[in-house]
Amino acid sequence: MSSALRLWEGQSKRSKMSLTVKDKSVVKAFWGKISGKADVVGAEAFGRMLTAYPQTKTYFSHWADLSPGSGPVKNHGGIIMGAIGKAVGLMDDLVGGMSALSDRHAFNLRVDPGNFKILSHNILVTLAIHFPSEFTPEVHIAVDKFLAALSAALADKYR
Amino acid sequence: MPDFDDNICQQRTTAPPSQDAEKSTISAVWGRVDINEVGPLALGRVLIVYPWTQRYFGSFGDVSTPAAIMGNPKVAAHGKVVCGALDNAVKNMGNILATYKSLSETHANKLFVDPDNFRVLADVLTIVIAAKFGASFTPEIQATWQKFMKVVVAAMGSRYF
Numbered sequence: 001m002s003s004a005l006r007l008w009e010g011q012s013k014r015s016k017m018s019l020t021v022k023d024k025s026v027v028k029a030f031w032g033k034i035s036g037k038a039d040v041v042g043a044e045a046f047g048r049m050l051t052a053y054p055q056t057k058t059y060f061s062h063w064a065d066l067s068p069g070s071g072p073v074k075n076h077g078g079i080i081m082g083a084i085g086k087a088v089g090l091m092d093d094l095v096g097g098m099s100a101l102s103d104r105h106a107f108n109l110r111v112d113p114g115n116f117k118i119l120s121h122n123i124l125v126t127l128a129i130h131f132p133s134e135f136t137p138e139v140h141i142a143v144d145k146f147l148a149a150l151s152a153a154l155a156d157k158y159r
Numbered sequence: 001m002p003d004f005d006d007n008i009c010q011q012r013t014t015a016p017p018s019q020d021a022e023k024s025t026i027s028a029v030w031g032r033v034d035i036n037e038v039g040p041l042a043l044g045r046v047l048i049v050y051p052w053t054q055r056y057f058g059s060f061g062d063v064s065t066p067a068a069i070m071g072n073p074k075v076a077a078h079g080k081v082v083c084g085a086l087d088n089a090v091k092n093m094g095n096i097l098a099t100y101k102s103l104s105e106t107h108a109n110k111l112f113v114d115p116d117n118f119r120v121l122a123d124v125l126t127i128v129i130a131a132k133f134g135a136s137f138t139p140e141i142q143a144t145w146q147k148f149m150k151v152v153v154a155a156m157g158s159r160y161f
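Chains D and S, in that order, give the protein sequences.
When the letters of the first sequence are read in order and numbered with UniProt numbering, they come out as residues 1 to 159.
When the letters of the second sequence are read in order and numbered with UniProt numbering, they come out as residues 1 to 161.
Certain hints may be false.
[What the hints assert, rightly or not] Straight-line alpha carbon distances no greater than 25 Å define the calculated DSS-like cross-link-like pairs of lysine-lysine that follow:
#1 Lys91(S) x Lys57(D)
#2 Lys37(D) x Lys157(D)
#3 Lys37(D) x Lys132(S)
#4 Lys147(S) x Lys57(D)
#5 Lys157(D) x Lys33(D)
#6 Lys22(D) x Lys74(D)
#7 Lys74(D) x Lys147(S)
#8 Lys145(D) x Lys132(S)
#9 Lys132(S) x Lys33(D)
#10 Lys74(D) x Lys57(D)
#11 Lys91(S) x Lys23(S)
#12 Lys117(D) x Lys28(D)
#13 Lys157(D) x Lys145(D)
#14 Lys91(S) x Lys147(S)
#15 Lys110(S) x Lys150(S)
#16 Lys57(D) x Lys24(D)
#17 Lys37(D) x Lys86(D)
#18 Lys80(S) x Lys132(S)
#19 Lys23(S) x Lys147(S)
#20 Lys80(S) x Lys147(S)
#21 Lys91(S) x Lys145(D)
#22 Lys86(D) x Lys24(D)
#23 Lys132(S) x Lys117(D)
#24 Lys157(D) x Lys117(D)
#25 Lys23(S) x Lys80(S)
#26 Lys117(D) x Lys150(S)
#27 Lys110(S) x Lys23(S)
#28 Lys74(D) x Lys117(D)
#29 Lys110(S) x Lys132(S)
#30 Lys117(D) x Lys147(S)
These are computed hints drawn from the structure, not numbers from a lab.
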């Protein structure tokens, strides 16, 4: 019965796998817990992505040092995580909120949007490492949905 | 003519691991994994985070809530089976494609499992292992482990075509 109701709820929404009220509240609560370490998480997730998925390094050929602990990597990871943290407050309109960043990624940076999923995975790995008890399956699904919705919003202006 | 010495993908601060080093990293990671604990955690998490995967487990009883899934003995038992099969890959690292030939055929022709699920399980397993190991699951170890999982996932999908 409950799975039938879930399907109905999904069918009444505009986009696929939209964030529910519960998802947003779980993400906000979890982000509240991690905000003190957001820079560290961002830096590490970005470094993990470059190391475990070396094809992502192609976007940073102008950087001298792409090792996980390097200055530019840590700095850039922090910038990305800062933007994600802002997006937590914009969950009611991610497409609108991410519009300028989407323009930038689409026309200026021209990052293949497949890479957003790769970074998302590395963010999840890093969250699991730093917050093993808080990153429960319930938090995992909400954060995974949020990052997917965020990725879609970031890709919105591409074509 | 591009200068391949400057190949950005090979740019590292240290030399890339040798195949022997990679195999030893993978064995070391696996050696720290308790199949009886990690298997159920990983499969349960897949069923919670990607609820459409429940389609394959209609006979497992109550999977209606995260608590039901994590407490379900059939889910736990099957998690151990799946992780146990990974043990085979670790023990036959030079020969994963052949090792998984019949398992791939079974999943394709008898169980009718979408092979994208293998990638999903591999990613969730990596996250569960990361949670257990903490900072000792370094970026370099993650890279080697995920390279291994990529081979396993490809082998599991190999008999679908």
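Results for each hint:
1. Lys91(S) x Lys57(D): At roughly 32 Å apart (the allowed maximum being 25 Å), Lys57(D) and Lys91(S) break the hint.
2. Lys37(D) x Lys157(D): Roughly 31 Å separates the two Cα atoms, so the pair is violated.
3. Lys37(D) x Lys132(S): Holds, because 19 Å separates the two Cα atoms, which is no more than 25 Å.
4. Lys147(S) x Lys57(D): Distance ~16 Å between Lys147(S) and Lys57(D) Cα, so the pair holds.
5. Lys157(D) x Lys33(D): 32 Å, violated
6. Lys22(D) x Lys74(D): 32 Å, violated
7. Lys74(D) x Lys147(S): Measuring from Cα to Cα gives roughly 24 Å; hence the hint holds.
8. Lys145(D) x Lys132(S): This hinted pair holds, its Cα atoms lying about 23 Å apart.
9. Lys132(S) x Lys33(D): 20 Å, holds
10. Lys74(D) x Lys57(D): With Cα atoms ~14 Å apart, Lys74(D) and Lys57(D) stay inside 25 Å; holds.
11. Lys91(S) x Lys23(S): At roughly 10 Å apart (the allowed maximum being 25 Å), Lys23(S) and Lys91(S) satisfy the hint.
12. Lys117(D) x Lys28(D): Roughly 21 Å separates the two Cα atoms, so the pair holds.
13. Lys157(D) x Lys145(D): The given pair, whose Cα atoms are some 20 Å apart, holds under the 25 Å limit.
14. Lys91(S) x Lys147(S): 16 Å, holds
15. Lys110(S) x Lys150(S): 23 Å, holds
16. Lys57(D) x Lys24(D): It is violated: about 32 Å lies between the C-alpha atoms, which goes past 25 Å.
17. Lys37(D) x Lys86(D): Roughly 15 Å between the alpha carbons, so the hint for Lys37(D) and Lys86(D) holds.
18. Lys80(S) x Lys132(S): This hinted pair holds, its Cα atoms lying about 17 Å apart.
19. Lys23(S) x Lys147(S): With a Cα-Cα distance of about 11 Å, the restraint between Lys23(S) and Lys147(S) holds, given a limit of 25 Å.
20. Lys80(S) x Lys147(S): 22 Å, holds
21. Lys91(S) x Lys145(D): 36 Å, violated
22. Lys86(D) x Lys24(D): 13 Å, holds
23. Lys132(S) x Lys117(D): 23 Å, holds
24. Lys157(D) x Lys117(D): Distance of about 17 Å is within 25 Å: holds.
25. Lys23(S) x Lys80(S): 23 Å, holds
26. Lys117(D) x Lys150(S): Measuring from Cα to Cα gives roughly 16 Å; hence the hint holds.
27. Lys110(S) x Lys23(S): 32 Å, violated
28. Lys74(D) x Lys117(D): 20 Å, holds
29. Lys110(S) x Lys132(S): 34 Å, violated
30. Lys117(D) x Lys147(S): 17 Å, holds
In terms of the numbered hints stated before, the structure departs from hints 1, 2, 5, 6, 16, 21, 27, 29, listed from lowest to highest.
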